[in-house]
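In terms of my numbering, the sequence shown opens at residue 1 and continues consecutively.
Warning: the hint list may mix true and false statements.
Claimed, not checked - As a list, the in silico EDC-like pairs of lysine to aspartate or glutamate whose alpha-carbon atoms are at most 16 Å apart:
| hint | residue 1 | residue 2 |
| --- | --- | --- |
| 1 | Lys99 | Asp120 |
| 2 | Lys169 | Asp212 |
| 3 | Lys93 | Glu139 |
| 4 | Lys99 | Asp134 |
| 5 | Lys66 | Glu108 |
| 6 | Lys169 | Glu209 |
| 7 | Lys169 | Glu216 |
| 8 | Lys163 | Glu204 |
| 9 | Lys101 | Asp134 |
| 10 | Lys208 | Asp230 |
Keep in mind that the hints were calculated from the coordinates and are not lab data.
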Amino acid sequence: MSGIGEPNTHFSPGLTRRQFIQGTGAALISLAIPQVLAQMPAAKASSVLIIGDSMSLCGFGQQLDKLFRASGYGRVNTYMACGTNPLSWTTLKGFQSAKTKCGFSKIESRNGQAPLVFQDTYGMTRGHRPAAYDVPKIENLISACRPEILVVQLGNNLFDLLKGGNFAKMPALLQPYLGQFLSRVVGESSSVRRVFWVAPPVCERISKESHDILVESIKGQNTDWLRVIDSRVLLQYPYRNLQPDRQHFFGADMTIW
1 MSGIGEPNTH
11 FSPGLTRRQF
21 IQGTGAALIS
31 LAIPQVLAQM
41 PAAKASSVLI
51 IGDSMSLCGF
61 GQQLDKLFRA
71 SGYGRVNTYM
81 ACGTNPLSWT
91 TLKGFQSAKT
101 KCGFSKIESR
111 NGQAPLVFQD
121 TYGMTRGHRP
131 AAYDVPKIEN
141 LISACRPEIL
151 VVQLGNNLFD
161 LLKGGNFAKM
171 PALLQPYLGQ
181 FLSRVVGESS
191 SVRRVFWVAP
201 PVCERISKES
211 HDILVESIKG
221 QNTDWLRVID
231 SRVLLQYPYR
241 NLQPDRQHFF
251 GADMTIW
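Please model the entire structure based on the sequences and the hints provided.
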């Protein structure tokens, strides 16, 4: 990301449009539901909301949406906006007009109909560039979707705060982006009962020590309804189909994640 204010307008340094075309286009079109999950008994009907950044656009968001639907959840709505940090999704001052210019997709449930799928990403047609879109606001999404479960895949675009070796200052730098976001998620009128925050996988852009601070800062938000998933224990780095930015990846490892 180029800064911590408005969301990034670039996909990522070193990732060419051609590589993004080959990865994201395929991820959006060809993901399949694992057979074993499709055979599981239906879960209790519940509403699920998933939000994520460019990592979700690489396949994570689409796959997770399918898995929830296959498991019998009643309503699943997924929104993916490239270059976003947690506050990009809020109506807080300075972020009301946050936009994404490097890729946006959504999958919305409709009563009695197939989900509504919208996609505007690199590679939809030869030379296509996505338009600019307002980043959806978590306050509005919760009001409209009434989710009981919220899955948050965010954090990669906070890495700029975690460069260098001044580890003592990093928790204070992160706190506004974590605490203020979560304060918008729960409230007297919120339907959310559980938040699952999927922390970023290993990335060469930051050190292990800095990454530890990010994960522990999310875990340390003092809420009994927040569960943090440390993606670093789920995947072995370097990933298959790892892109030149050494962060984004597609294919088999994305499915495992």
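### Message
Which constraints among the numbered hints does this structure fail? Numbers only, ascending.
### Response
none
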